[in-house]
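Place chain B on chain A using the hints.
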Amino acid sequence: DGGITQSPKYLFRKEGQNVTLSCEQNLNHDAMYWYRQDPGQGLRLIYYSQIVNDFQKGDIAEGYSVSREKKESFPLTVTSAQKNPTAFYLCASSRERYTGELFFGEGSRLTVL
Amino acid sequence: AQTVTQSQPEMSVQEAETVTLSCTYDTSESDYYLFWYKQPPSRQMILVIRQEAYKQQNATENRFSVNFQKAAKSFSLKISDSQLGDAAMYFCAYRSTRQGGSEKLVFGKGTKLTVNP
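Residue numbers (the numbering used here), protein chains in the order written: chain A, 1 to 113; chain B, 114 to 230.
Next up, chain A with everything else stripped away, as it sits in the complex (with noise of 0.2 Å):
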């Protein structure tokens, strides 16, 4: 079945470490997002990629980092820098680049102790 995985689910980081979340997809989709979730906030967009080695940043992307060196894959990298990092993060793609809907993963839930 077609989809987007992401890994892993649920994720204890200590502070200062540097933690990356796995996002692929066999969609064949050339878009790619990250979004965070937070408690009455609805979804904010960290960074999304329309083509591979290509990714700008969105609303909320410092403390963050991506790479797109191949289309199925968009990893997230929550750096040291992030200094609210706990929260739930979800990963999306969409078939085009500038029309239609997001396909969502299952989301990671990370949590810094």
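One or more of the hints may lead you astray.
[What the hints assert, rightly or not] With a Cα cut of at most 30 Å, we get these calculated DSSO-like pairs of lysine-lysine:
| no. | chain 1 | residue 1 | chain 2 | residue 2 |
| --- | --- | --- | --- | --- |
| 1 | A | Lys9 | A | Lys83 |
| 2 | B | Lys225 | A | Lys83 |
| 3 | A | Lys9 | A | Lys57 |
| 4 | A | Lys9 | B | Lys222 |
| 5 | A | Lys83 | B | Lys222 |
| 6 | B | Lys186 | A | Lys57 |
| 7 | A | Lys57 | A | Lys70 |
| 8 | B | Lys225 | A | Lys9 |
| 9 | A | Lys83 | A | Lys57 |
| 10 | B | Lys168 | B | Lys225 |
| 11 | B | Lys222 | A | Lys57 |
| 12 | B | Lys186 | B | Lys168 |
The hints are simulated quantities; they were obtained by calculation from the structure and are not laboratory data.
Same frame as chain A, but now just chain B:
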């Protein structure tokens, strides 16, 4: 920048009844997409319904329908014959079609729907 507002943080409905969730948005564009997403307790976002702004006809998907009022910039979701499985967070989202602004969806803050048996 476009904004999406969901004015009802929480709603409740009796099983088998009908409920309407509100969404308004702010844009100066004439062509765009609107979406309703459902996020159940499992937390995976699921597309419920989509509407293209150039289409006057309101979108319908089984028990889910929208009331799209373009001039009023309103996009409400009606759930008919509510079922226990409809209990979830519902998010309204906007996507521009303008290059340079269409790369992302802008989400509202969500409405938590409770379905009472």
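Here's how the hints hold up against the structure:
At most 30 Å may separate the alpha-carbon atoms for a hinted pair to count; lysine 9(A) and lysine 83(A) meet this at roughly 21 Å. Proposed proximity of lysine 225(B) and lysine 83(A) is supported: the alpha carbons are some 28 Å apart, at most 30 Å. The suggested pairing of lysine 9(A) with lysine 57(A) holds, with an alpha-carbon distance near 24 Å, which does not exceed 30 Å. Of the pairs offered as hints, the one joining lysine 9(A) and lysine 222(B) holds, with about 23 Å between alpha carbons and a cut-off of 30 Å not exceeded.
For a cut-off of 30 Å, the pair hint linking lysine 83(A) to lysine 222(B) stands: about 22 Å separates their Cα positions. A distance of roughly 28 Å separates the Cα atoms of lysine 186(B) and lysine 57(A); the hinted pair therefore holds under the 30 Å criterion. Annotation: proposed proximity of lysine 57(A) to lysine 70(A) holds, straight-line Cα distance about 18 Å (limit 30 Å). Among the hinted pairs, lysine 225(B) with lysine 9(A) is consistent with the structure: their alpha-carbon atoms are about 23 Å apart, no more than 30 Å.
For the hint pairing lysine 83(A) with lysine 57(A), the CA-to-CA distance comes to about 17 Å; that is within 30 Å, so the pair holds. In summary, the hint linking lysine 168(B) to lysine 225(B) is supported, as the alpha carbons are separated by about 28 Å, within the 30 Å threshold. Of the pairs offered as hints, the one joining lysine 222(B) and lysine 57(A) holds, with about 21 Å between alpha carbons and a cut-off of 30 Å not exceeded. For the given pair, lysine 186(B) sits about 14 Å from lysine 168(B) by alpha-carbon distance, which is consistent with the 30 Å threshold.
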